[in-house]
Every structure is written in C-alpha cells, then in structure tokens.
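The listed protein sequences correspond, in order, to chains A and B.
As numbered in this note's numbering, residues 124 to 274 make up the first sequence, in order.
As numbered in this note's numbering, residues 124 to 274 make up the second sequence, in order.
Honestly, the hints are just simulated from the structure, not real lab data.
Virtual Cβ for every residue (Gly too), placed ideally from N, Cα, C.
Treat each hint with caution, since some may be false.
[Said to hold, decoys possible] Listed below are several chain B residues computed to face chain A (Cβ distance under 7 Å; list not exhaustive): (1) 156; (2) 163; (3) 170; (4) 180; (5) 195; (6) 196; (7) 219; (8) 222; (9) 265.
[To be verified] Away from chain A, derived, C-beta distances all over 12 Å, residues of chain B: (10) 143; (11) 152; (12) 206.
[What the hints assert, rightly or not] Sample of chain A residues with no beta-carbon within 12 Å of chain B, all distances over it, derived: (13) 150; (14) 195; (15) 240.
Protein chains: 2
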Amino acid sequence: MSDPAIRIALVTLGVEDLGRASAFYEAMGLKRSRASQPTFYMYDMAGVVLALFPNDMLAEDAGVEGEGHGFRRATLAWNVADAAAVDAGFARVMAAGAVSLKPPYKTSWGGYVGHFADTEGHLWEIAHNPFFPLDANGAVSVPPPREGVKK
Amino acid sequence: MSDPAIRIALVTLGVEDLGRASAFYEAMGLKRSRASQPTFYMYDMAGVVLALFPNDMLAEDAGVEGEGHGFRRATLAWNVADAAAVDAGFARVMAAGAVSLKPPYKTSWGGYVGHFADTEGHLWEIAHNPFFPLDANGAVSVPPPREGVKK
C-alpha cells in the first residue's frame, strides 16, 4: 500500500518534576533543544525525539483523565554495543538518579540486560543483544519479513 | 563527555491481545520482522523499533508488579507532512480499530493534531507541526541547544 506506515517521531514522557527529570536525561548526555518551551523539553535522539511534559498537561492534551497508578504497560530500551557498555551505562544511570529494578544479568535468550526506572518511574532497560546490530547512530536494526510473506 | 548519550532503540508496548494489537499496527503499514518471537513481535520504524509483548511478561521482565490502571503517563507522536495527512492518517487509524480521543483540530501553537488510543489503550497523537521539518524517513528534527550553552 502506498500510505505511509505509522511511526514514532516523538516519545513524550509525563513528569511530576520537570527539573529533576531533565537533570537526569541531561546527565545521560542529552542536549536540550533550543526549541524547548518552558514546560515542554525536547531532546534529539538521532531518529526519535524525547520530550518531557508535566503529567497533568499531558493528560489534558491527550484527552484522558490524569489519574493513574501502577504498571504503565510500556518500556523503553537503550541498546548498546556489548556487555561492558551495559555495565557502564547502568552505573551511569544509577549515578544520575535512576532506580535499579534489575541490575545487569545474562538473559535466557543470550542477551545482557539491566532494568531501571527514571526519576519519574518510567521503565527502561539497557541491553546488549548480540543478534541485532547497531547502526552508527546506535539504532537497532531488525530484519524485514521473510520474502514472499503476504504484506 | 565521551560516553554515549542515552537513546531509545526500542519502544515495547504491553498488550492483552497480541493478535488484535498486531493486526492494528500491521493495518497501519508496519511489517512484522522475521526475528519476531511467538509472544514478542518487532516492527522496524526507521530508526526505532516498535515491539509488542504481553503485559504480564513485560512486567515480569521489567521487575515490577503487573497491576496498573488509568493514565500511563506517556504518549507517542506520529508526525506527518501536512494537515491533510493528519486527517487521512486519523481516518486510517479509526478504520484499523483505534479509539478517538480528540479528532484532528488546530492547536494553540499552530499545529494540527488528532489524539487516539490503540487497541490496547496506548496513547498516540498524529500531528502536523509546521515548525519541525520531517526527514526522508519521517523523523522529526529539532534544533540543538544554542551555541555557547554549557553542555
């Protein structure tokens, strides 16, 4: 079909404390875009933009109630080149104020992964997956469907 | 600093009904990677990978309790080239089974945006932002910090 496929241009994370959340991500090397607004911070992540926005404004914007708690049903993955980079990145996020959920461990599928939450409870993992190469921007590449599979 | 910046390689959305959720995203033009597993589907989105994974397995993986409800504190944005593409994309997601939260409207900041939830309640917007150009892959580009800003 010729219509464009859905894609993720921005991931916006709701925050209670924009100063603390932005300090975390900036400590992790992100540079705040000069197009950021007083309550809407943007960070270029080489292919996708991360935005931070107060929870109440995010809910109002989305047209949903702002109450919610518990499991948020989504995780973000930061893939890195090898196991040593997982350990180093995990140490960096801890130093920057993240909460450890699972320190790096070898997974059943042959990867090496650590799980953490940012200062706002958003769920992340840092992962080395030996089966998926990273491109020069650090993006993961997964193979297309098998040829001949009905699109 | 020389350490790599944190970035999003994969966004994993928790699902109750993997068949229904995958049908939605595949109707929206995504092609399921052949590296997908029976309960872990992956879709290349040109710079970021979307994954679908059962909620209970996602929570266990992340090391958190699987109970949760209400506002999930994050949204995904699909940026498109113009207002007509917002209308067309919104019609497509509705036909594919999304829930309308706010049909496309002109925003106070000069954009044109529609809000919807996927078949699993994950929050999305489809947006035309006249201030941020799209690259050939449909990624948004936001400007870096002003020169001279302390890194």
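Do the hints match the structure? See the list:
1. 156: holds (4 Å)
2. 163: violated (9 Å)
3. 170: holds (3 Å)
4. 180: This hint is violated: residue 180(B) lies away from chain A, its Cβ roughly 11 Å from the closest one there, beyond 7 Å.
5. 195: Since the shortest Cβ distance to chain A is 5 Å, the answer is holds.
6. 196: Holds - the Cβ of residue 196(B) comes within 7 Å of chain A, reaching about 4 Å at its closest.
7. 219: Because about 9 Å separates residue 219(B) from the closest Cβ in chain A, which is outside the 7 Å limit, the hint is violated.
8. 222: violated (10 Å)
9. 265: Result: holds, 4 Å to nearest chain A Cβ.
10. 143: holds (15 Å)
11. 152: Contrary to the label, residue 152(B) does not stay out of reach of chain A, its closest Cβ about 3 Å off (not over 12 Å).
12. 206: holds (15 Å)
13. 150: violated (9 Å)
14. 195: violated (5 Å)
15. 240: violated (8 Å)
In the structure shown, a violation is registered for the earlier hints numbered 2, 4, 7, 8, 11, 13, 14, 15, in ascending order.
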